[in-house]
Amino acid sequence: MPVYLEISPSGRCNHRCSFCAPDILGYPDRFLDTDIMCRRIGELRELREEDPDGLGVKSIQFAGEGEPTLHKELGRIFKATRDAGIDIGMLTNGTALPEQTARRIIPLVNGYIQFSVNAGTAKSYARIHDCSEQHWNMAWRNIERAANLKQTLGARDCELGVNMTVLVQEASKNGKVIPANWQEIEQLVQRAHASGADYVSIKPYSQHPLSQATAGRYGTMSYRQLMDEINATGEDLIRRYSSDLFEVVFRFTRFEEYESERPYSTCLVTPSLWSYIQSDGLWLSCSAYWTDPRFALGNLNTQTVREIWFGETRRQHLDFVLNHLDIGQCRKTCHPDKDNKFMTGLRGLSDEQFEKEMVQLETVSPPKRANFI
1 MPVYLEISPS GRCNHRCSFC APDILGYPDR FLDTDIMCRR IGELRELREE DPDGLGVKSI
61 QFAGEGEPTL HKELGRIFKA TRDAGIDIGM LTNGTALPEQ TARRIIPLVN GYIQFSVNAG
121 TAKSYARIHD CSEQHWNMAW RNIERAANLK QTLGARDCEL GVNMTVLVQE ASKNGKVIPA
181 NWQEIEQLVQ RAHASGADYV SIKPYSQHPL SQATAGRYGT MSYRQLMDEI NATGEDLIRR
241 YSSDLFEVVF RFTRFEEYES ERPYSTCLVT PSLWSYIQSD GLWLSCSAYW TDPRFALGNL
301 NTQTVREIWF GETRRQHLDF VLNHLDIGQC RKTCHPDKDN KFMTGLRGLS DEQFEKEMVQ
361 LETVSPPKRA NFI
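In case it helps, UniProt numbering puts the sequence shown at residues 1 to 373.
Hints may be right or wrong, so weigh each one.
[To be verified] Below, simulated DSBU-like cross-link-like pairs (lysine-lysine); rule was C-alpha separation at most 30 Å, straight line:
#1 Lys368 x Lys332
#2 Lys58 x Lys341
#3 Lys58 x Lys332
#4 Lys203 x Lys332
#5 Lys176 x Lys332
#6 Lys338 x Lys58
#7 Lys368 x Lys341
#8 Lys356 x Lys58
#9 Lys176 x Lys123
#10 Lys338 x Lys368
#11 Lys203 x Lys338
#12 Lys368 x Lys203
#13 Lys341 x Lys203
#14 Lys338 x Lys356
#15 Lys173 x Lys332
#16 Lys58 x Lys203
#17 Lys173 x Lys203
#18 Lys58 x Lys123
#19 Lys58 x Lys72
#20 Lys341 x Lys356
#21 Lys356 x Lys368
#22 Lys176 x Lys203
#23 Lys368 x Lys79
#24 Lys58 x Lys79
#25 Lys368 x Lys58
#26 Lys79 x Lys123
Calculated directly from the structure, the hints in this document are not laboratory data.
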């Protein structure tokens, strides 16, 4: 079983972000069936307990092709997840998070809730998210309320973050100019700090191989010419704003990796360590291939977890990924990229070197959010 799953509770979204890859799915008006999903999450726990020396699902990030907080029974799904001993993280734009839902889910989240804001001003936010400027105020109001609820409810394990995907060139959509946002990084950091969030995350864009619309806007975008300035900005913001109570997470290596070639030729993560469940119940080995039937393992609406994971389709798919998949067509700086680098390094070790590495790793204290690989 994979260690980490990404699950999409909702196909619907109330924003149309300029860099959003799920546009290829059309934002369908569909939601995961709550009863079925809760049963399947229970099955994940059963399979993990049957093989205590194996891996098993240890974390779920609720995100996907739509806005997860539009699912009206998200609290039930989160409760089933925690009851199964699985860590919870969520990505959201934050504008559709009512107080009742926030009050229920925040004490259940023992990973993070990360709010996708992507701008330092209301005007840029509205252009990038393709929404009303009023949503800028809604997002921050809900972030501030979440921070207050976290304190009131004593939910120390729930980290609240604010995210920016850095865009360094203008684009256009429906005749409107979409601004670059990288010069608004400090404004976002200041607002996140004032809101009571625990951290702000600054990361590069990642081009989805199947999204022609986003490729038309950002497919040629490069950080190379601005790399020194971006790195200097990150170092300065960390120095001035990071503290014991607030962290600036600037993903320096991800910007550099976006401009470089992969140092490996085989994906060792999909689907063994990482998988994706779509809002219609479809279990995909990788979200970079949403519309590619070769990556569909089964459907949780009609099949149990055991039937899918130990079925012939998944076995054949694993052989395909290991022996036939051309990762040159994959998404750059994809989610499992760092894991693939680590696994590739292990694969190149001799038996003796491997044993030494395992012994050494056992002496290392697990980092924060260790289960969210």
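Checked hints:
1. Lys368 x Lys332: 25 Å, holds
2. Lys58 x Lys341: At roughly 21 Å apart (the allowed maximum being 30 Å), Lys341 and Lys58 satisfy the hint.
3. Lys58 x Lys332: Holds. Lys58 to Lys332 sits at ~25 Å (cutoff 30 Å).
4. Lys203 x Lys332: Status holds; Cα separation ~13 Å.
5. Lys176 x Lys332: 27 Å, holds
6. Lys338 x Lys58: 18 Å, holds
7. Lys368 x Lys341: OK: Lys368 and Lys341 at ~20 Å, within 30 Å.
8. Lys356 x Lys58: Given that 30 Å is the threshold and the Cα spacing comes to 25 Å, the pair holds.
9. Lys176 x Lys123: Judged against 30 Å, a Cα distance of about 12 Å means the pair holds.
10. Lys338 x Lys368: 16 Å, holds
11. Lys203 x Lys338: 14 Å, holds
12. Lys368 x Lys203: 19 Å, holds
13. Lys341 x Lys203: The given pair, whose Cα atoms are some 19 Å apart, holds under the 30 Å limit.
14. Lys338 x Lys356: Cα-Cα ~21 Å, so holds.
15. Lys173 x Lys332: Between Lys173 and Lys332 the Cα gap is close to 23 Å, so the pair holds against 30 Å.
16. Lys58 x Lys203: 25 Å, holds
17. Lys173 x Lys203: Answer holds: Lys173 to Lys203 is near 22 Å, not above 30 Å.
18. Lys58 x Lys123: 39 Å, violated
19. Lys58 x Lys72: Between Lys58 and Lys72 the Cα gap is close to 24 Å, so the pair holds against 30 Å.
20. Lys341 x Lys356: 18 Å, holds
21. Lys356 x Lys368: 24 Å, holds
22. Lys176 x Lys203: Given that 30 Å is the threshold and the Cα spacing comes to 24 Å, the pair holds.
23. Lys368 x Lys79: Holds: Lys368 and Lys79 sit about 22 Å apart, inside 30 Å.
24. Lys58 x Lys79: 15 Å, holds
25. Lys368 x Lys58: Distance ~14 Å between Lys368 and Lys58 Cα, so the pair holds.
26. Lys79 x Lys123: It is violated: about 37 Å lies between the C-alpha atoms, which goes past 30 Å.
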